[in-house]
Amino acid sequence: MKKITLTLAILLTTFLIPPNSYSDKNENIDYITKNLRCLICQGQSVYDSQSDFALSMKKLILVKIKEGKTEDEIYNFLKEKYGEWIVYEPEVNKNTIFLWGLPLILFIFGGLLIMRKVTIK
Amino acid sequence: MKNNKIFYFIVILIVAIFFVLLLGLKEEKNYTPQSDINKLNNSISLKELYSGKNIFLNDLFLTDELNLINIWASWCLPCKAEHPYLMNLNEKFDINLIGINYKDNLDNSKKFLSDLGNPYDEVLVDNDGTKSIELGAIGVPETYLINSNKKIIKKFIGPLDQEDYDNIINLIKK
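Protein chains in written order, with numbering that gives the first Met the number 0: chain A, 0 to 120; chain B, 0 to 173.
Keep in mind that the hints were calculated from the coordinates and are not lab data.
Note that the structure is predicted; figures quoted are calculated from it, not measured.
Glycine is no exception: its CB is placed at the ideal position from the N, C-alpha and C atoms.
Treat the hints with care, since some could be wrong.
Just the calculated beta-carbon pair ranges, DEER-fashion [as the list claims (entries may be wrong)]:
id	chain 1	residue 1	chain 2	residue 2	range
1	A	C40	B	K4	44 to 50 Å
2	A	T69	B	N57	21 to 27 Å
3	A	K33	B	K153	21 to 27 Å
The task is simple: from the sequences and hints, build the whole structure.
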């Protein structure tokens with residue numbers, strides 16, 4: 000039982016701590032552009048794309064970073080211009096609550112199922 | 000009996016998934032930006048093509064007639080195709096045409112206008128494409144119709160065609 004609790008705790012900690020926080024990469028344009036969708040090459044991120052749109056976008060983001068804009072301010076600016084689709088990570092709202100909530104529900108349900116099986120054995 | 004139920008459930012589930020995916024195939028995959036198109040950045044300044052003077056875009060908008068921003072480039076073939084519509088708009092109607100030359104060689108853009116005619120009241124230069132991004136453009140050509148309150152009332156992504164032209168005329172006549 001102790002082992003299961005420890006495993007669950009480690010897994011939860013892994014999911015809750017972001018792998019790269021913006022404060023660590025304060026002036027890293029790559030981090031922001033990897034989370035932006037190129038609207039010309041729609042299968043690629045702005046970081047990967049070499050389209051005119053993506054190249055201009057990278058320049059503009061660099062300008063915004065130099066102006067002292069935060070990651071969220073840059074995303075909000077671009078969302079205002081291009082809609083929420085420009086960012087890969089959708090924000091939590093009534094349209095996306097199921098998308099965000101389902102993995103968590105499945106995770107908890109799966110965990111409970113495993114715990115029940117182990118306890119029965 | 001229980002196994003039969005599970006079997007039917009799985010078959011129904013697979014059929015349902017199949018139809019959902021089939022419907023998905025028919026959907027339009029290319030995304031067109033959907034944003035609050037009314038908002039216009041007031042602080043955008045660009046260089047004028049001929050004089051090289053810095054001009055605030057906001058200062059060019061007229062309050063007594065419709066304004067039209069057209070993003071174009073001499074290397075862009077669709078821009079050539081829509082050029083006659085812009086020429087007609089300039090010649091026949093009271094509309095303030097502002098051209099934004101996108102990532103272009105200045106000599107080529109001047110030649111483009113001297114060869115095909117200059118429909119614009121002002122021609123500004125966006126040499127690195129960042130100003131167009133600030134306007135919400137994804138490429139060239141793009142055209143925005145702006146009303147007397149300096150709000151974007153219509154966006155045309157891609158070259159203007161007869162339908163767009165008629166649309167613009169209807170809005171001018173309103």
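Handout entry: Status of the given 21 to 27 Å range, CB of K153 of chain B versus CB of K33 of chain A
Key = Given range 21 to 27 Å: violated, Cβ gap about 33 Å.
Problem - Cβ distance range 21 to 27 Å for T69 of chain A and N57 of chain B, holds or violated - result: holds, 26 Å
Practice task
Could you tell me whether the CB distance from C40 of chain A to K4 of chain B stays inside 44 to 50 Å?
Solution key: Between C40 of chain A and K4 of chain B, where Cβ atoms are some 47 Å apart, the hint holds.
Hint compliance for this structure: hint 3 alone is broken.
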